[in-house]
Amino acid sequence: QQQVKQSPQSLIVQKGGISIINCAYENTAFDYFPWYQQFPGKGPALLIAIRPDVSEKKEGRFTISFNKSAKQFSLHIMDSQPGDSATYFCAASGGSSNTGKLIFGQGTTLQVKP
Amino acid sequence: KAGVTQTPRYLIKTRGQQVTLSCSPISGHRSVSWYQQTPGQGLQFLFEYFSETQRNKGNFPGRFSGRQFSNSRSEMNVSTLELGDSALYLCASSTGTSGSVSTDTQYFGPGTRLTVL
Numbered sequence: 009q010q011q012v013k014q015s016p017q018s019l020i021v022q023k024g025g026i027s028i029i030n031c032a033y034e035n036t037a038f039d040y041f042p043w044y045q046q047f048p049g050k051g052p053a054l055l056i057a058i059r060p061d062v063s064e065k066k067e068g069r070f071t072i073s074f075n076k077s078a079k080q081f082s083l084h085i086m087d088s089q090p091g092d093s094a095t096y097f098c099a100a101s102g103g104s105s106n107t108g109k110l111i112f113g114q115g116t117t118l119q120v121k122p
Numbered sequence: 004k005a006g007v008t009q010t011p012r013y014l015i016k017t018r019g020q021q022v023t024l025s026c027s028p029i030s031g032h033r034s035v036s037w038y039q040q041t042p043g044q045g046l047q048f049l050f051e052y053f054s055e056t057q058r059n060k061g062n063f064p065g066r067f068s069g070r071q072f073s074n075s076r077s078e079m080n081v082s083t084l085e086l087g088d089s090a091l092y093l094c095a096s097s098t099g100t101s102g103s104v105s106t107d108t109q110y111f112g113p114g115t116r117l118t119v120l
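Taken in sequence, the protein lines are chains A and B.
Per my numbering, the very first residue in the first sequence carries number 9; after that it's consecutive.
Per my numbering, the very first residue in the second sequence carries number 4; after that it's consecutive.
Please note that a few of the clues may not be correct.
[As the list claims (entries may be wrong)] Computed list of lysine-lysine pairs in DSS-like fashion (alpha-carbon distance at most 30 Å, straight line):
{"hint": "1", "chain 1": "B", "residue 1": "K60", "chain 2": "A", "residue 2": "K13"}
{"hint": "2", "chain 1": "A", "residue 1": "K65", "chain 2": "A", "residue 2": "K121"}
{"hint": "3", "chain 1": "A", "residue 1": "K79", "chain 2": "B", "residue 2": "K60"}
{"hint": "4", "chain 1": "A", "residue 1": "K13", "chain 2": "A", "residue 2": "K79"}
[To be verified] Here are some chain A residues the structure puts well away from chain B; computed CB gaps all over 12 Å:
{"hint": "5", "residue": "L19"}
{"hint": "6", "residue": "G25"}
{"hint": "7", "residue": "I28"}
{"hint": "8", "residue": "N30"}
{"hint": "9", "residue": "T36"}
{"hint": "10", "residue": "E64"}
{"hint": "11", "residue": "T71"}
{"hint": "12", "residue": "S82"}
{"hint": "13", "residue": "V120"}
Hints are computed from structural coordinates only; laboratory data are not their basis.
Just so you know, these numbers come straight off a predicted model, no measurement behind them.
By construction, the Cβ of each residue, glycine as well, lies at the ideal position given by its N, Cα and C atoms.
Work the whole structure out from these sequences, hints included.
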């Protein structure tokens with residue numbers, strides 16, 4: 009019940025296209041859903057995050073869509089650029105047993121072709 | 004502000020040895036969480052320390068331990084290393100005051116790449 013399932017495992021998109029990564033969770037105690045971006049040799053960096061009281065959050069070219077009833081959330085990268093090529097992780101947290109803890113999806117390796 | 008620093012960045016050990024990794028959080032942060040990242044298992048939570056106390060622990064064997072000092076710097080130790088312990092070990096710091104990641108954003112360091120031969 010603590011799992012977060014992420015798909016696809018890898019994604020190839022043309023420059024200017026839309027990249028979409030999906031995640032699903034089971035634990036209804038989760039109340040925070042961040043997305044992290046990781047480049048090779050670096051630690052994950054927070055990209056954007058959402059709480060379940062809103063259905064969508066947009067920051068620049070990055071948008072999170074959140075469906076509370078389906079227990080799913082997704083990251084959309086608009087106008088994808090080669091510099092967006094990285095590994096993306098969705099995560100979740102919340103509930104008394106998850107103090108200081110993020111539960112991560114398995115990651116999606118995104119390649120944006122020029 | 005300086006970011007989270009981890010030392011060493013790379014480490015090679017042999018089976019049976021023990022290793023200590025260090026993490027210095029962002030100035031003013033009092034919480035340090037540790038994660039193990041492997042290609043097969045992804046990012047998995049090891050433990051979290053706040054004000055020198057372990058506040059949460061993941062599902063790892065007792066060979067994995069940690070501690071936090073009064074200046075918030077943290078160390079993790081792995082004893083009796085196994086081949087499967089080869090991984091990138093990441094620490095993340097936050098203010099930690101609420102205990103909830105939703106209000107205490109975690110900022111990750113670059114990690115320590117541990118190779119066990």
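List of violated hint numbers, smallest to largest: none
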